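K.L.:
Chain by chain, the residues:
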Amino acid sequence: MTSTASPATAGRRTPAPQPAPHTAPASSRPGGGSSRLHRNEKKWALLFVAAPVLGYLLFVLYPTLFALYASLTRWNGLGPMQFIGLDNYVALLGDERFRQALFNTFFYMLGIPIGLAISLALAIAMNRKIVGLTAFRTIYYIPVISSIAAVAILWQWAYNGDFGLVNQFLAFFGIDGPNWLADPTWSKPAIILMMVWKGLGYSMLLYLAAIQSVPRSLYEATALDGAGAWRQFRAITLPMVRPVTFFLVVTQVIGGAMIFTEINIMTPTGGPEYSTASAVFYIWKQAFQYRQMGYATAGAIVLGVLILIITLVQFRLNRRNSFAID
Amino acid sequence: MTTTTAPAAPATGSGTHPRLGRRARSRLTDTVVWVILAAGAIFMVAPLLWMFSTSIKTKLEVFALPPVWIPDVPQWDTYVRMWSDSFVLDGIRNSLIVSLSVTVVGTFTCALAAFALAKMRMPFKNAIFIGLLSGIMIPFPTLMIPQFVMFSRLGWVDTLLPLIVPAIFGNIVMIFFLRQYLSSVPDSLVEAAKIDGASYWQIFWRMIMPIIRPAVAAQFILWFMAVWNDYLAPILYLNTPERQTLQVVIANMNVQYATQRDYPLIMAASVVALLPILVVFLVFQRQIIESVALTGTKG
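The listed protein sequences correspond, in order, to chains P and D.
Note that the first sequence covers residues 1 to 326 in my numbering.
Note that the second sequence covers residues 1001 to 1299 in my numbering.
Just so you know, these hints were derived from the structure itself, not from any lab.
Among these hints, one or two may not hold up.
Stated by the list, open to error - Mimicking DSS-like on lysine-lysine, the simulated pairs with C-alpha atoms at most 27 angstroms apart in a straight line are:
| id | chain 1 | residue 1 | chain 2 | residue 2 |
| --- | --- | --- | --- | --- |
| 1 | D | 1194 | D | 1125 |
| 2 | D | 1194 | P | 43 |
| 3 | P | 188 | P | 285 |
| 4 | P | 42 | D | 1194 |
| 5 | D | 1125 | P | 42 |
| 6 | P | 43 | D | 1125 |
Stated by the list, open to error - Some chain P residues near chain D, calculated using beta-carbon distances under 8 angstroms:
| id | residue |
| --- | --- |
| 7 | 90 |
| 8 | 93 |
| 9 | 94 |
| 10 | 146 |
| 11 | 155 |
| 12 | 161 |
| 13 | 165 |
| 14 | 289 |
Claimed, not checked - Some but not every residue of chain D turned toward chain P, in silico, with C-beta under 7 angstroms:
| id | residue |
| --- | --- |
| 15 | 1044 |
| 16 | 1045 |
| 17 | 1049 |
| 18 | 1113 |
| 19 | 1120 |
| 20 | 1124 |
| 21 | 1127 |
| 22 | 1200 |
| 23 | 1229 |
| 24 | 1233 |
| 25 | 1270 |
| 26 | 1281 |
| 27 | 1293 |
What you are looking at is a predicted structure, and each value in this text was computed from that prediction instead of being measured.
Virtual Cβ for every residue (Gly too), placed ideally from N, Cα, C.
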């Protein structure tokens, strides 16, 4: 970076003559020119990562530390913060609604294994040469790309007891469906069904990619040994898609723990007997409706820590299990 | 699946018979599978089609029993009414402003950082990368209250800035994937350009960007869709109807017009909220599906 450093000449990047004098100092590393080159490189590299690093400090690290402190205070978001130690956390323990919201949040996660089982079956079905495969893949994927707000509005209407699509469909079979979102028994299953519907295409796509990468010869070899379809599924397909299953479970648990939009749009009051309210819904209400910023922050930290613990446990279990399979 | 034994067993003469049986059986399975997939596909699109058909029904048809599946006279007027009577147009404009500025500037920041993290010498490189990655572990709900307070002190509440500014500093998921993608590019290429006297900026812009363009394009589309569909952050900050993003506009219409039982209008707005992304998806289907599949196998 001595003479050619000026952008005007470097821009041309002309071939033969220029590189020749340069290679000499570069190859003899300890030379002064090379270390200056390195210093220059470090400078530019730091400049190039400056934005994300700054963004991390300003919008992740600082808010995290701030949240940790705010959770120990009584605070309405505007006035002074009054330090009250762990009182918020103690109050959360005894808060019936917060516990209910946490319970609901984890209840929704029952949809994860259901969705994964269906999407794996779909992926296996699609791993054949049949007509219209691309069209099927596209159709199954449309709910995934659809705006969650629009989907929630649509399903809220579809769950209408008298005029909704779901009950009109059930009426074909002579079933008199409940008023889904107004019934504490059916409100959570209704939301699970909607989530499974929306997420199927995504899991299916990842499973399909994983299955397609399984070498054919594996199936052929086990078939020669007389293994049936079910045994092949257990012995080859399932282990081969394990990394995808793991990825999907981890990301969907994290995503599920943060469920909010569907709940807020479909049941703006938290549902009958608070049966649909999620943790984020509760935290959001506390913070932005009741202005209990300190208390809400404590709830958010409890949620964050729970997500962290569950994720770490999953990584732990995954490591142990994959050892058993190898 | 057990069929692969067939070619091995018969030697010559009688070989045709079991092979025929096998082909017929596999065709039967294909048909069964096709029927199941088609039934599933109907289940997947039915709600969306029903949403569209509701949007062109009259209010009477919406509440008709037995249900009207296809309206007698499509009420296209609902879409005209939605255009003039609601904030859908403002919503589209605001959503476009946020999504485009976030993805265009953010993609650029991410690509630069990925280049530096993958191909340049830098002190504490791994520490920086792992530090950035650790940010994924902190969920947005934990950050939202402090961020809200920060931005309200800046007077940014009820503007689009809190949705744009944090995001243009880059997104670690995209940096991660671009860095991964760059690891398949030989270092010698960058070294050669350096020896040729190219500046780091030129290496990035003339060499790295063209190489990572497919990855950038795919990530760009995914990010655009995510920002377009975002709901939680916009409802925290945006109060004035003219300043809301499309998702918030339709959610508010859902509350406002449900009391008037104007479901065609609500559904029309939802259709409009879905449509742009649907078009983007159908156009860039291949790239999107490939990059999504890649995401899973990397994880």
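K.L.:
Minimum Cβ distance from residue 1293 (chain D) to chain P below 7 angstroms?
P.N.:
Since chain P brings a Cβ to about 4 angstroms from residue 1293 (chain D), closer than 7 angstroms, the hint holds.
K.L.:
The hint names residue 155 (chain P) as touching chain D; please verify it with the least Cβ-Cβ distance against 8 angstroms.
P.N.:
Status holds, d = 7 angstroms.
K.L.:
Grab the minimum C-beta distance from residue 1044 (chain D) to chain P and call the hint holds if it beats 7 angstroms, violated otherwise.
P.N.:
6 angstroms, holds
K.L.:
Hint check: is the beta carbon of residue 1281 (chain D) less than 7 angstroms from a beta carbon of chain P?
P.N.:
5 angstroms, holds
K.L.:
Please verify whether residue 43 (chain P) and residue 1125 (chain D) have alpha carbons no more than 27 angstroms apart.
P.N.:
Distance ~13 angstroms between residue 43 (chain P) and residue 1125 (chain D) Cα, so the pair holds.
K.L.:
Under 7 angstroms, Cβ to Cβ, is where residue 1113 (chain D) needs to be relative to chain P, so tell me if that hint holds or is violated.
P.N.:
5 angstroms, holds
K.L.:
Identify whether the interface hint at residue 1045 (chain D) stands, where standing means a beta carbon of chain P within less than 7 angstroms of its own.
P.N.:
Constraint on residue 1045 (chain D) satisfied, holds at 6 angstroms.
K.L.:
Does the nearest C-beta of chain D fall within a distance shorter than 8 angstroms of the C-beta of residue 90 (chain P)?
P.N.:
Interface hint status for residue 90 (chain P): violated (19 angstroms vs cutoff 8 angstroms).
K.L.:
Would you check whether residue 1229 (chain D) satisfies its interface hint, that is, whether its CB is within less than 7 angstroms of any CB in chain P?
P.N.:
4 angstroms, holds
K.L.:
Measuring from the C-beta of residue 1270 (chain D) to each C-beta in chain P, is the shortest one below 7 angstroms?
P.N.:
Cβ of residue 1270 (chain D) sits 4 angstroms from chain P, so the hint holds.
K.L.:
Can you verify the interface hint for residue 289 (chain P): is its Cβ closer than 8 angstroms to any Cβ in chain D?
P.N.:
12 angstroms, violated
K.L.:
Would you settle whether the hint for residue 1200 (chain D) is holds or violated, based on the nearest Cβ-Cβ distance to chain P being less than 7 angstroms?
P.N.:
Since chain P brings a Cβ to about 4 angstroms from residue 1200 (chain D), closer than 7 angstroms, the hint holds.
When held up to the earlier numbered hints, the structure conflicts with 7, 8, 9, 12, 14, 17, 20, 21, 24 and fits the remainder.
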